[in-house]
Amino acid sequence: MNNFTRKVQSKVTAGLKDKTASMARRRISQFLGPANVIAVEKFPLAGPLHRQTKAQAIANLREKLEEAVRNLENNGCKVYRARTSAEAVAYARKVIKPGCLVVKSKSNAAKETGVLEALAQDGVTVIETDMGDRICQIGNIPASHPLGPALHVPVGKVAELFTKESGHQVASDPSTIVSVARNLLRNAFFQAQYGISGANAIAADTGSIILTENEGNIRLGTDLPPVHIVFAGIEKIVPTLEEAIHVCHTAALYGTGASVGGYINVASGPGRESLDGPLEMHVILLEEGRWEAIEAGFSESLACINCGACLNVCPVYKEIGEQYGYKYFGGIGIIHTALRNGIEKALENGLSLCVGCRQCIDACPGNIPTPDLIQKLRQRAVTQYGLGRQKTLVLKSILGKNPSRTWRWGRKLQPLGLRRTSKGEGYQVRFPWMNVDPKRLLPNLAEKPAFLSYPKEQTDTNQESEQVAYFAGCLNNLVFPEVAGATLEVLKEQGVAVYFPHEQVCCGYPMQTAGELDLAKEMARRNMALLTDHPVARIIVDCPTCGTALRGYAKLLLDDKVWGNIAREFSLKVRDVFEFLSEREYKAGGFGLAKMKGTLQGKVSYHQPCHLKYLGINHAAEFLATIPGLDFDLANGDGACCGFGGVTSLEHYNLVATIASRKVDSTLAGTEILATACPGCMVHMADGLFQQGRAIKVKHAIELLAESYRKGKE
Amino acid sequence: MIQEERAPRREEYRLDLRNRSEELERFCSDKREKLKMKAIQTLEERGCQVYLVSNAEEAATQIAEIVQTDTVVAYSNTLLEELDLLEKLQMKGVKTIYTDVLARDKGLGDCFQDTMKDARLVIRQKIASASFGLTGVQAVVANHGSLMLMDEQGSVHSVSSLPDTHIAVASVQQIVPDLPDAMTVARQLSLGGTERVLVRYISIITGPSSTSDIEGQNVRGMHGPKEVKVILMEES
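Just so you know, the sequences run in chain order A and B.
Read in order, the letters of the first sequence correspond to residues 29 to 742 in this note's numbering.
Read in order, the letters of the second sequence correspond to residues 2 to 237 in this note's numbering.
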């Protein structure tokens, strides 16, 4: 374990320990998650329009930045372009006189620069005016969520804090506390010499700062003090006022589920000697890391508007919260950190944590491909710091080799290093030096793997049969040959001629997520060479993660002169087995009716693998629903990730195990079989169930379908 | 030279804006009834109380009924002036304070910064101690239940923020479908007055101020008003 891993592990442990914060986060995601989805559905154009706006703004950033600066200055603002955080802080310290009073509203850019710490040194009193931030400030309590920083603080504690703050007894009830806080803070608004704010957007064409909020603290904090100081990253600039307002609409929709926030404030320059309005307005535009992001191919990350929608669905953030990230949270926070504060800071704060479930992409109004960008950063990290011993062993010496060799050696070594569990659920490691958690249930290498059990080509199909190739993936090949068998059986039942090349290697996804791109490319080339030597119409996978990898070969080998074109064609042919079946049955004229199915028994719950969910493929559940006799409930748990996370699980087992335990807890009562459509989920959920001593069987949905076909024939 | 370059562009901008404004006006007058119903629905959904009245006289009566013996701080804006609403209120015996008069009394506008700071403080405390703040609006956004207020160098901000209740007077003719339409109105109204494209301050208000920061419970009146009452006039 290297230094970075050790630091991350201590953050993970701290995050897992903080149960109150975790409960607050779950509460927020429970009421915000569904509310957001409903709200977003009501405004289907908000997301697409937002993506278009941001893409254009970032593509023309230099030009728009100049226009914004010009118009802000025309409006009477003093604009300062800060290339680094240090420059921004130095400027702010020049503007703000020592010993003064400052009212501050939420500003991510200000937090990013570290200006508050610097002002404290100057004897400047900074008062947070957002209620949640204020609670955290006076109680010296770490924030638990970007939108509800103090949600984990019980009301009694808040009352106690404000009793101390006001010098009067404050009753333990939210409305009383709010009115006390209102009066205290109002005084601060009236007395403060400076107001610090961020910006939700900056309109280049009108030279305006646009801010949105619910409490009203931003309105007062930016308009009452004589000097208003804005901290904003240059990525907040959009071409027009209308687009800036749209950013606010989007932020409210995806952040809180309301179509707009309580207030949208458009400030275009300081006022004159009037009652409202600052007399001086300073706009500090922070450039640090932004140009680098664009140049290094991370411009998508600049579409982030900090709405927090990604955090509500992130399985890692749900468990460890603010520990995942540095100044910005979650996966996107790690990306910002890497580009603004260096790859080392990103490594220390959780570059290795993303489990690649891809739930955040759909939740994000900008559809930022956070997991892909994280992979790119990991690749950088690997170039600089290497892969580490454990990952090298797993990726290069086990997964990177020919499966027949891996299986042969694995079968020999398995009994030496591993111990069979008492009831035979699987294996656990014998020795602590093996760097695997001794509690972890490891899968058993099959006695007879798929490549030894099933023929390469089927001989008994007729000429007109549809030709497909089958990619089993390491797990179905070596650990669950029965799943591979079921898939082959179902395909045969459907009258499809299947080509199953035995020399297929790992899909390359684990290497890709770990940042070991060269090896991933090698795997891709080897698999493509094998699978394309037969004229097949489709490439069938029954592991969705392998599916993601195979579909991604086109992108992975985009620049490869020899393989680029082949990969593009190849990726288009990839289908999940259930996706393929439903395509066929649809063509045949009736969904789920094409084959006779026999009656099965048992209460089955279904876990939707993340790598199918993000593609919108839900056919496995639909097929299960057509099997007669099964007590099948489509709605199982909260639809969350099981937490397997491939390479993440190697280094952070305590994290992924906690995520799995949630999955197990949310499994419907009375479930006898937990079905899914991914061998990775199978391994991890089996471990989760084993840890809690639950006697639920885990099966691939294709096994149930094959069984039902078999019964149908009898 | 810069001026020369800008002049034709500005003309183009004005022309384009005029076309857009006219188009918007036509659309709104065609759909007035629909927009009205939608606006009332969304305003109420977002926690405003809506009072539908037929004219300025009724509006004054309604406001007098709301205010009773309390004090109103009013920000005089064109709508309020055109309607003679403030006079009508005085006739009904409603105690009103104009921020304009307050500012003039305190010598705001023609003094040094130091005294100005004191003047601001005194006036703000006065506004904050009133129970009601009365303003007009520049637009009502039907899709979201929002009110748009504009200000160049006045006090609409303090008046709509500091008192416990904000009374906004709007006319049905001011309802526009969506936020970009409100921005068209804002751009149009900003023309002429200054060199700038926009007036100094635009505020879009949707419901009363609120917070959910304590145990997730929604409480109204965090930093702004606890209540927003919208007096919607059928004719102005």
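Keep in mind that a hint or two might mislead.
Claimed, not checked - If you want the ones that stay clear, here's a sample from chain B, every Cβ over 10 Å from chain A, calculated: (1) Q91; (2) R125; (3) D152; (4) V157; (5) R188; (6) S210; (7) D214; (8) E216.
Claimed, not checked - Derived lysine-lysine pairs resembling DSSO-like cross-links, with alpha carbons at most 27 Å apart: (9) A:K70 with B:K35; (10) B:K96 with A:K70; (11) B:K32 with A:K185; (12) A:K70 with B:K32; (13) B:K227 with A:K192.
Hints are computed from structural coordinates only; laboratory data are not their basis.
Values in this document were obtained by computation on a predicted structure and should not be read as measured data.
Heads up, the beta-carbon is just placed ideally off N, CA and C, and yes, glycines get one too.
Hints, verified against the model:
Every Cβ of chain A is farther than 10 Å from the Cβ of Q91 of chain B; the closest lies at roughly 22 Å, confirming the non-interface assignment. With a least CB separation of 6 Å from chain A, R125 of chain B falls inside the 10 Å interface cut-off, contrary to its annotation. Separation of D152 of chain B from chain A is inadequate, the least Cβ-Cβ distance of about 7 Å not exceeding the 10 Å criterion. For V157 of chain B, the requirement that its beta carbon stay farther than 10 Å from each beta carbon of chain A is not met, with the minimum near 7 Å.
A beta-carbon of chain A is positioned within 10 Å of the beta-carbon of R188 of chain B; the least distance is around 8 Å. S210 of chain B, annotated as away from the interface, has a beta carbon of chain A within 10 Å; the closest lies near 4 Å. Non-interface call for D214 of chain B relative to chain A: violated, since the shortest CB-CB distance, roughly 4 Å, does not exceed 10 Å. At roughly 5 Å from the closest C-beta of chain A, the C-beta of E216 of chain B falls inside 10 Å, breaking its exclusion from the interface.
At most 27 Å may separate the alpha-carbon atoms for a hinted pair to count; K70 of chain A and K35 of chain B meet this at roughly 19 Å. Proximity of K96 of chain B to K70 of chain A is assessed by CA-CA distance (about 44 Å); at most 27 Å being required, the pair is judged violated. Proximity of K32 of chain B to K185 of chain A is assessed by CA-CA distance (about 52 Å); at most 27 Å being required, the pair is judged violated. A distance of roughly 21 Å separates the Cα atoms of K70 of chain A and K32 of chain B; the hinted pair therefore holds under the 27 Å criterion.
Proposed proximity of K227 of chain B and K192 of chain A is supported: the alpha carbons are some 25 Å apart, at most 27 Å.
Comparing the model with each numbered hint stated earlier shows that hints 2, 3, 4, 5, 6, 7, 8, 10, 11 do not hold.
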